[in-house]
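**Student:** Using the sequences and the accompanying hints, generate a full structural model.
2 protein chains.
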Amino acid sequence: MEAFLKHAASLKPKVATLTPETKNRVLHVMAQALIDSKDLILKANAKDMQYAKQNALSAALLDRLFLDEKRIESMASSIQTIAKLKEPVGRVLDGWVTDEGLRIEKISVPIGVIGIIYESRPNVTADTAALCFKSGNVAILKGGKEAFYSNSAIAATLRECLEKNGLDKDLISLLPDSSREGVANLIVQDKYVDLIVPRGGESLIHYVSKNATVPVVKHDKGLCHIYIDEIVDEQKALEIVKNAKCQRPGVCNAVETLLVHQAVAPSILPKIYKLLKDEGCSFYGDEGAKKFLDIPLATKENFATEYLDKILNIKVVKDLENAIEHIQTYGSGHSEAILTKNYANAEYFLNKVDASCVYVNASTRFTDGGAFGFGAEVGISTNKLHARGPMGINELTTYKYKIYGQGQIRG
Amino acid sequence: MEAFLKHAASLKPKVATLTPETKNRVLHVMAQALIDSKDLILKANAKDMQYAKQNALSAALLDRLFLDEKRIESMASSIQTIAKLKEPVGRVLDGWVTDEGLRIEKISVPIGVIGIIYESRPNVTADTAALCFKSGNVAILKGGKEAFYSNSAIAATLRECLEKNGLDKDLISLLPDSSREGVANLIVQDKYVDLIVPRGGESLIHYVSKNATVPVVKHDKGLCHIYIDEIVDEQKALEIVKNAKCQRPGVCNAVETLLVHQAVAPSILPKIYKLLKDEGCSFYGDEGAKKFLDIPLATKENFATEYLDKILNIKVVKDLENAIEHIQTYGSGHSEAILTKNYANAEYFLNKVDASCVYVNASTRFTDGGAFGFGAEVGISTNKLHARGPMGINELTTYKYKIYGQGQIRG
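Residue numbers (our numbering), protein chains in the order written: chain D, 52 to 462; chain P, 52 to 462.
Misleading hints may appear alongside valid ones.
[Unchecked claim] Below, in silico cross-link-like pairs of lysine-lysine (PhoX-like), each with a Cα-Cα straight-line distance of 20 Å or less: (1) Lys242(D) x Lys135(P); (2) Lys351(P) x Lys269(D); (3) Lys57(D) x Lys137(P); (4) Lys325(D) x Lys361(D); (5) Lys272(P) x Lys435(D); (6) Lys242(P) x Lys435(D); (7) Lys137(P) x Lys242(D); (8) Lys392(P) x Lys272(P); (9) Lys287(P) x Lys403(D); (10) Lys269(P) x Lys261(D); (11) Lys287(P) x Lys351(P); (12) Lys351(D) x Lys137(P); (13) Lys435(P) x Lys242(D); (14) Lys65(P) x Lys269(D); (15) Lys435(P) x Lys157(D); (16) Lys157(D) x Lys137(P); (17) Lys435(D) x Lys287(P); (18) Lys242(D) x Lys269(P); (19) Lys403(P) x Lys157(D).
To be clear, the hints were calculated from the coordinates, so they are not data collected in a lab.
**Tutor:** Okay, here's the thing in structure tokens:
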């Protein structure tokens, strides 16, 4: 493992200084190669699927794992999109001249060696490899064992493209030891690895955060709230709550708890109940909500649960301040929304709530690299430092200061 | 400890939303209060000094620990400088409108609860407390035990100012348990603490990095190089090398190893030797350097040592590429300089060398918040993520996205 990582680290200067033209050309080659290798990749995926079915993995997981021609084409088109993104390396982030006449430029540069740990979806292999390559980083990928053959076939295809274009194939590689011990070993190699990005279940994230000596940008849970304020466009509020809960309940930016101002609760709660019930939702409510709805009592545990399912907690609050208090207690700092016509309340909420994304009058579902217009995303960071919220390709860079002198010495 | 940190975390929304006017007014009150309390602070400092002398602490440490009226005035004036810095919270870092018409603003916000672990110099207590307060953060300070009485007196003065101005005094506090166990406990409280900034010796930094579950921005060693290229202004090169090695050898941005192109070695090495010898320097050299200078042979260990003293390694290199190779092997990614008249070589060096600060034709000693024009600094980060290099008040903020909608739902 150490030799493998040492070699990866040794490639940093090479990939960091590739021209945008080279990188984009190779990315287009990769996109084409995925399509040309589709038989190979589908065959590998069939092996994974067979194994998964034998092991009775869930239908949701099988769906995430499954590849067909269309999904391979979409992988290829995603790499083409990444090729078209604005060059992330070498952006001038800031610049000034000091009192002594030194010219300082703050410039975006690659991070170095990035380890990405993820599960099931094989397209993540292609996406993250392409994002790392475009941003001048060396990618070490560790997918789930359920996708082993698919990931291996995809990575082999991409690596071949590197080699055919005169680049070191190890700019993109799968972690050679993909066992739990392999991961444990990877995350403490701060001498060679510059960043670990874990995407997956809570136990993986917790394990990596707790044990890594390499810096971690984690992608874990979202316990999101929508607060319906005293004066609100009721029709829009209904649509937003429905969208945030039901459009795709299994993702981190879906809403889990609805907070409703007491003044509008009598009118809006029965409508929300009916609307979401028709979508197959079930509910838990506090005493205030139970006055209007015949639903089970919500416990503290309910309010602390990321359901990832069509289940909604409902709580009636006295005012905005109470809503914010609940959010600060139970929220995960992911996405929080206020629905209101009141300017002062909107401003107060946006400023006071501590979360990566705070919304007024929109669905929390927009917390997403695609919806933000990033073109492609690494994930949604739940870190507070380095990258917060939707993480695009620019967040795969750090910066350095270039200082241009004419012989200056310090006085 | 948990109750203490929980209380600190509960103050986050309050300090995050203070107006710049309030913060700056209170900072000016603090500056004046330090001057008004000078007798008290000097008395406390005398106790620390007496204890330090009894325990035979080094002269350098005694000097760092010592306070007099002038040093207290300088502490006060540093707080006034911080009050005058541009408001770090609420800066619009980016902003755009998405395809769906959502208006997104990326806004700087405080990080939250920041734990700062540092040694000896009592002015760090005042500086970092003021920087955290101005940037809307809750500060938990853990100074060295040798400065216990001084730090306590300074913190008490600042806390009284908070209270007298209607703010919670616990916005600034000393870690109640300042033992090793106290630190061990602090750095795993990721539920309440958002950032740990360790400044100090290598063993402290290593311990914190290895054991913390809270994100860490570390401030450790600098193993800096100057490379003298083939075509160079010899006189300026001599001045820069002397400045980088001798002006203040005990700091992280001083140079430790000089790399000299073989073409200029015969001419420049004897001059450098004489110039620095007169300043009290001693030397180690590789075989190439020893051809011109009668100095001991530099081992691998020499090249890997941050001397923090008037000792310089000298190595003669074949060319720029060799110099960069040496820097990538031994450098700590802090500050690296090339001295050259050659445009292409300057550009190549600046782009290729992976360090927080890369210089052409200037002393590495400029890597410093003050020299960069930041007004006041938290320190010099040796992290690659979040903050890299001189860390000013803006690096005590993170960001959030504010998203302004008109009823948008995700399609």
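**Student:** Each of the hints needs a verdict: does it hold here or not?
**Tutor:** Checked hints:
1. Lys242(D) x Lys135(P): violated (40 Å)
2. Lys351(P) x Lys269(D): violated (38 Å)
3. Lys57(D) x Lys137(P): violated (43 Å)
4. Lys325(D) x Lys361(D): holds (14 Å)
5. Lys272(P) x Lys435(D): Status violated; Cα separation ~25 Å.
6. Lys242(P) x Lys435(D): holds (12 Å)
7. Lys137(P) x Lys242(D): Not OK: Lys137(P) and Lys242(D) at ~37 Å, beyond 20 Å, violated.
8. Lys392(P) x Lys272(P): violated (30 Å)
9. Lys287(P) x Lys403(D): With a Cα-Cα distance of about 53 Å, the restraint between Lys287(P) and Lys403(D) is violated, given a limit of 20 Å.
10. Lys269(P) x Lys261(D): holds (18 Å)
11. Lys287(P) x Lys351(P): Violated - the C-alpha atoms of Lys351(P) and Lys287(P) are around 29 Å apart, more than 20 Å.
12. Lys351(D) x Lys137(P): violated (42 Å)
13. Lys435(P) x Lys242(D): Holds. Lys435(P) to Lys242(D) sits at ~12 Å (cutoff 20 Å).
14. Lys65(P) x Lys269(D): violated (27 Å)
15. Lys435(P) x Lys157(D): Holds, because 14 Å separates the two Cα atoms, which is no more than 20 Å.
16. Lys157(D) x Lys137(P): holds (19 Å)
17. Lys435(D) x Lys287(P): violated (44 Å)
18. Lys242(D) x Lys269(P): holds (15 Å)
19. Lys403(P) x Lys157(D): holds (15 Å)
In the structure shown, a violation is registered for the earlier hints numbered 1, 2, 3, 5, 7, 8, 9, 11, 12, 14 and 17, in ascending order.
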